[in-house]
Amino acid sequence: MKLCLSLVVLLLLVSAAAPAADDAETVDPLMSDVEGAVQAPVDSIPPAPPSDLAARDHIENTDAGDKIALSWSLSPDDGAGAGDVIGYLVLRHPSPDAPGDTVAVVGAGSGRCLDEAVEPGTAYYYTVASLDGANASEPVLAGPVAGRTNLWQPARTSVFVLMIVFFALVMIFTRLAERGAALFIRRIPGLNAIEEAVGRATEMGRPVLYVPGIGEIDNIMTIASLTILSHVAKITAKYETPLIVPTARAVVMSAAEEVVKEAYAEAGRPDAYNPDNIRYLSDAQFAFAAAVNGIMLREKPAANLYMGAFWAESLLLAETGFEAGAIQVAGTAMVSQLPFFVTACDFTLMGEELYAASAYLSREPKLMGSLKGSDWMKMVTIILMGAGVILNLMGATGIVNWFQTQ
Amino acid sequence: MRRGIPLAITFLIGLFMLVDFFVPHYRVSDLAGEMKQWGTIVIAASILLGVGNLIRVHFHKIRRRRDGWQYSITTLLIMAVMFAFGGPWGTIQEGSAFNWMFLNMQVPLQSTMFSLLAFFIASAAYRAFRLRSAESGLLLTAAIIVMLGRVPLGQLLTRALPEQATLPWLTETIMAYPNMAAFRGILMGAALGVMAMGLRVILGIERSYLGGEK
Chain A
1 MKLCLSLVVL LLLVSAAAPA ADDAETVDPL MSDVEGAVQA PVDSIPPAPP SDLAARDHIE
61 NTDAGDKIAL SWSLSPDDGA GAGDVIGYLV LRHPSPDAPG DTVAVVGAGS GRCLDEAVEP
121 GTAYYYTVAS LDGANASEPV LAGPVAGRTN LWQPARTSVF VLMIVFFALV MIFTRLAERG
181 AALFIRRIPG LNAIEEAVGR ATEMGRPVLY VPGIGEIDNI MTIASLTILS HVAKITAKYE
241 TPLIVPTARA VVMSAAEEVV KEAYAEAGRP DAYNPDNIRY LSDAQFAFAA AVNGIMLREK
301 PAANLYMGAF WAESLLLAET GFEAGAIQVA GTAMVSQLPF FVTACDFTLM GEELYAASAY
361 LSREPKLMGS LKGSDWMKMV TIILMGAGVI LNLMGATGIV NWFQTQ
Chain B
1 MRRGIPLAIT FLIGLFMLVD FFVPHYRVSD LAGEMKQWGT IVIAASILLG VGNLIRVHFH
61 KIRRRRDGWQ YSITTLLIMA VMFAFGGPWG TIQEGSAFNW MFLNMQVPLQ STMFSLLAFF
121 IASAAYRAFR LRSAESGLLL TAAIIVMLGR VPLGQLLTRA LPEQATLPWL TETIMAYPNM
181 AAFRGILMGA ALGVMAMGLR VILGIERSYL GGEK
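Same order as they appear, the protein sequences are chains A and B. Start counting the first sequence at 1; every next residue gets the next number (our numbering). Start counting the second sequence at 1; every next residue gets the next number (our numbering).
Please keep in mind that the hints were generated in silico from the structure rather than gathered at the bench. Warning: the hint list may mix true and false statements.
[Claimed, not checked] From the derived model, a few chain A residues whose C-beta atoms are all more than 10 Å from chain B: (1) 150; (2) 179; (3) 289.
[Stated by the list, open to error] Under the rule of at most 25 Å between Cα atoms (straight-line distance), these lysine-lysine pairs were calculated in the BS3-like manner: (4) 61/B with 261/A; (5) 238/A with 261/A; (6) 378/A with 366/A; (7) 300/A with 238/A; (8) 61/B with 300/A; (9) 261/A with 300/A.
Virtual Cβ for every residue (Gly too), placed ideally from N, Cα, C.
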């Protein structure tokens, strides 16, 4: 019995002494920055260091040359091996032998870090050491590297190259059109329907309603819409049909006034222009929709043309127009709204057809050239996509990576 | 000359914005950001033009007793009330009369308009899904599968079938392949259209948005 008691006391003493011995162990000074280091499993063997440390100038959209990006391969003990790596200590050094400043402590499983506090143009060295609860590995070194203010975003080179190809195609076809070459442009029924719709309104002695969307003037769809409005206004001026243009943006209203006034003047009917028909209704989306619906029901236009950027109000407008019995032509590049217009309107211009409208309607050589250039660029895009798919399937991912932009 | 200055400004600003996309230097980005702010300020100031137009159009309508002229009185009256309360006592401050009217009058009215969309969708869907041709039959079939596949009933109806024959799986397949292919095709075409339009505007080939060709 005495022997058993002695053994228990001895075991208790040994277990009590063990933490004391750990406490006495010298903790690596590198560990002082690691939060939670004491919770990690404690041993005296340092973890394996990370590898392939790379430091490079970080290029971003507002590049002031004050960032350096670091990347490394994880330590073999990070998630595998001893499995005791809890993070990586990243230090910045003015020279390889000088003591470093802590940049960050990156958690286990991550091999990336962005130093956002470098002096532009100053060369730095970086070390990264893997950490377990008590020890740090041998640091790996990279450098020298300096942050620079760059004049080119390499991640957008592919966009630039394709843009140049596209611009070249447009210029070639514009020149060809100017020299009198006959350029075939496919028929777009929705655009042919505009004149028919205006003609119908004229026969019925009712106005034409033209809604240029609710996009602001900086929306390219609104610009495209204003170019179509110019053509529509010329037709309504010729037919002496009232043209009502409700707008949701004051700048668009101002531009629409100018466009319609000029179109009436060019058509030789400046006296037929009625400024009260170019109306600013409301910036609020559904207040605008309610007001346009009111115009449809009170003034009963025979033709409703919806061209531009539309959101949830698209179906509210188009369904009301349908119920009012108007012939309706819509055009938008808002893919989510196209099904609504297709359902409720007689003709719909989809995506690019909206942008092609001014060229198609005016048949002006310069505009036709740009349309033809777009068609050929589509062909180039299809070929590139096909080539990309085939090369990717063959394991050559270079072309796909090159097209990835930032 | 009348068109010359706006076209020159369009060309220079358009070109600069293009440069901003490719040149990451902070001075270029800062200047581009500044220009975008100018745009925002110009747009905000233009609201005065809108208010002027609103008053003129409705005033003429009331004076000439056109159809629905009573609504014009309401419009002008409410605008005057909102302006009268918003001017001296603030607009977005919690507890202000303007804010109260906005939250308790305009917001519910807008919500009502938005909720009407459900009925419009139903009537539009009724017309769209009528079986008139082979294509409309295809659309109807796809619509039935997708609508059922998105609700628990679809899962319940086909749970005894192999996974590739269940409505949720068919729904995902329709949405991920034919639907997405069409979606991306339209998007790519539209993107090229945007580029062509942008080029025409920057180079001054397209000028009807300025109010005329000359």
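We went through each hint and held it up to the structure:
1. Here residue 150/A does not stay apart from chain B, with its beta-carbon only about 5 Å from theirs, under the 10 Å limit.
2. Distance check for residue 179/A against chain B: the nearest CB is about 16 Å away, which clears 10 Å, and the non-interface claim stands.
3. Non-interface call for residue 289/A relative to chain B: violated, since the shortest CB-CB distance, roughly 6 Å, does not exceed 10 Å.
4. Of the supplied pair hints, the one linking residue 61/B and residue 261/A holds, its CA atoms being roughly 20 Å apart against a limit of 25 Å.
5. A C-alpha spacing of about 13 Å is found between residue 238/A and residue 261/A, which places the hinted pair at or below 25 Å, so the restraint holds.
6. A threshold of 25 Å between alpha carbons decides the hint, and for residue 378/A with residue 366/A the separation of about 19 Å falls inside it, so the pair holds.
7. With a C-alpha separation of about 21 Å, the suggested pair residue 300/A and residue 238/A falls inside the 25 Å cut-off, and the hint holds.
8. Pair hint residue 61/B plus residue 300/A holds up; C-alpha atoms about 16 Å apart against a cutoff of 25 Å.
9. Proposed proximity of residue 261/A and residue 300/A is supported: the alpha carbons are some 23 Å apart, at most 25 Å.
Consistency with the previously given hints fails for numbers 1, 3, ordered from lowest to highest.
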